[in-house]
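In case you want the letters, here they are:
2 protein chains.
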Amino acid sequence: MEKAETIRYKATIAYDGTNFSGFQIQPNERTVQGEVEKALKTINKDKFIRIHPSGRTDSGVHARAMVFHFDFPRSIPKEGLFRAINVLTPADISLYHLEEVAQDFHARYHAVGKTYTYRVDNQKIRNPFTRNHVLHHPYSMDIERAQLALDVLVGTHDFTSFCSTKTDKEDKVRTIYKATVERDETTQEWVFTFVGNGFLYNMIRIIIGTVLAIADGRREIAIMAEILEAKKRGAAGPTISPKGLYLEEVHYDREKLKTPEKIRDNR
Amino acid sequence: MEKAETIRYKATIAYDGTNFSGFQIQPNERTVQGEVEKALKTINKDKFIRIHPSGRTDSGVHARAMVFHFDFPRSIPKEGLFRAINVLTPADISLYHLEEVAQDFHARYHAVGKTYTYRVDNQKIRNPFTRNHVLHHPYSMDIERAQLALDVLVGTHDFTSFCSTKTDKEDKVRTIYKATVERDETTQEWVFTFVGNGFLYNMIRIIIGTVLAIADGRREIAIMAEILEAKKRGAAGPTISPKGLYLEEVHYDREKLKTPEKIRDNR
Chain A
558 MEKAETIRYK ATIAYDGTNF SGFQIQPNER TVQGEVEKAL KTINKDKFIR IHPSGRTDSG
618 VHARAMVFHF DFPRSIPKEG LFRAINVLTP ADISLYHLEE VAQDFHARYH AVGKTYTYRV
678 DNQKIRNPFT RNHVLHHPYS MDIERAQLAL DVLVGTHDFT SFCSTKTDKE DKVRTIYKAT
738 VERDETTQEW VFTFVGNGFL YNMIRIIIGT VLAIADGRRE IAIMAEILEA KKRGAAGPTI
798 SPKGLYLEEV HYDREKLKTP EKIRDNR
Chain B
558 MEKAETIRYK ATIAYDGTNF SGFQIQPNER TVQGEVEKAL KTINKDKFIR IHPSGRTDSG
618 VHARAMVFHF DFPRSIPKEG LFRAINVLTP ADISLYHLEE VAQDFHARYH AVGKTYTYRV
678 DNQKIRNPFT RNHVLHHPYS MDIERAQLAL DVLVGTHDFT SFCSTKTDKE DKVRTIYKAT
738 VERDETTQEW VFTFVGNGFL YNMIRIIIGT VLAIADGRRE IAIMAEILEA KKRGAAGPTI
798 SPKGLYLEEV HYDREKLKTP EKIRDNR
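Residue numbers (the working numbering), protein chains in the order written: chain A, 558 to 824; chain B, 558 to 824.
Honestly, I wouldn't trust all of these hints.
One copy or two, either will do: identical chains are not told apart, so a pair holds if it fits within one copy or between any two.
Derived PhoX-like pairs: lysine-lysine, alpha-carbon spacing no greater than 25 Å straight-line [as the list claims (entries may be wrong)]:
(1) Lys815 to Lys595
(2) Lys813 to Lys729
(3) Lys681 to Lys595
(4) Lys681 to Lys735
(5) Lys815 to Lys735
(6) Lys800 to Lys723
(7) Lys595 to Lys788
(8) Lys635 to Lys788
(9) Lys595 to Lys723
(10) Lys735 to Lys800
(11) Lys635 to Lys681
(12) Lys604 to Lys726
These aren't lab readings, by the way, just hints derived from the structure by calculation.
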């Protein structure tokens with residue numbers, strides 16, 4: 558059997574979403590996909606290479622580990638390709654891993670789940686250094702109320718109430734394996750963590766908008782179950798700013814996904 | 558005795574230096590002083606208020622606690638003034654403290670020293686989230702060599718070799734009480750800390766440029782004493798990027814300054 562002329566690569570990148578109009582390529586917009594494909598085209602002697610991500614992120618959303626795949630000529634060695642991508646992409650994108658995978662690997666179809674975090678600064682005075690990376694929410698908040706609201710979401714539910722009406726997805730049933738909030742002792746920020754088999758359009762931003770209202774006492778904890786039951790976007794809280802949201806990991810191992818407490822150890 | 562019509566305030570602000578052309582006001586440039594004075598003018602019914610800083614910072618240099626003083630009409634209560642400044646300044650400036658001080662307090666003349674830090678990321682792959690706040694220096698480095706080089710600087714010396722030739726200061730003698738480098742275990746960054754009675758123009762950036770060359774083996778440790786002795790700018794290393802540099806504290810208490818290990822506890 559002849560060797561294929563191209564190798565399929567699985568790439569893991571981090572990006573600061575602040576100055577991007579989201580991940581997905583759009584005409585006349587600065588996008589992560591656009592910048593990566595520009596770099597690959599340069600490396601590939603001006604021949605276009607399409608990348609296939611595990612999913613999209615919205616304008617302003619960050620990623621510590623977005624995954625995509627692409628096919629690239631065998632003639633350029635992996636190490637050189639890795640370095641060239643890091644040199645040719647702008648400073649708000651970094652390639653952390655590049656792995657040769659089977660020709661049938663697919664970043665989106667083979668993904669079994671994702672981990673997202675959302676960071677909230679609850680201190681009175683805003684921090685100028687985190688203004689694009691953490692939501693400043695300087696109101697009195699009760700972390701136990703927030704956790705009780707999150708607990709309602711764990712499991713398999715129809716998340717229509719927590720999905721933007723602009724979605725094109727019919728099936729709104731998703732499974733959340735983990736939904737927690739913890740204090741980061743170093744930064745004093747609240748860190749929300751979500752592990753699930755998939756997330757709908759704006760889902761985490763709507764969940765956070767709702768949970769913050771419960772945490773600061775504007776809404777009752779019991780409302781969370783009612784919102785879920787209502788299956789209407791209007792029942793939930795506002796879509797919060799994207800700036801505190803991070804795609805932390807794309808999962809390809811179903812067993813690890815279902816025991817999310819082990820995920821961090823296995824990274 | 559009649560009460561003065563104005564109160565003198567000591568203000569402590571933090572700012573992200575990335576998008577400022579330094580602290581000091583300049584025509585047609587976005588500066589920290591310019592933004593603060595604009596806010597004060599608005600609060601003061603369109604009448605200009607001059608602020609007097611403890612010193613300047615260059616374009617791109619950050620501050621966690623820059624101090625300045627200004628005189629403001631007694632008619633506006635302190636709490637309202639504090640809130641109004643935070644509302645009217647842009648998101649890359651925050652006012653953390655506002656204190657009524659004696660009419661003869663002077664932010665610059667009464668300052669007895671300063672603490673600066675410089676952050677270096679020594680990991681192979683750049684971190685997109687810290688690109689404006691930490692120097693990425695992905696070369697093999699020996700932290701013990703760096704500390705030995707820093708040790709040479711502690712004490713009272715003529716720092717001509719570590720001063721930009723663009724300075725207008727005649728006296729280049731300064732005292733450094735502390736010069737250390739430590740690993741920040743959370744971020745894995747190297748954090749250089751300098752406590753001194755004053756720092757010359759570009760002094761810390763030239764020190765870091767020199768120490769990094771020693772740490773990564775390009776220059777010998779012994780060169781540090783020779784550079785100091787030479788009293789020529791050309792003897793030292795390059796002026797490093799401002800993006801890792803932070804004004805951490807302005808000192809007004811001479812006793813605390815001389816026992817710098819206590820400074821952190823006293824903040």
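Which numbered conditions among the earlier hints are violated in the structure presented, ordered from lowest to highest?
-> 1, 4, 7, 8, 9, 12
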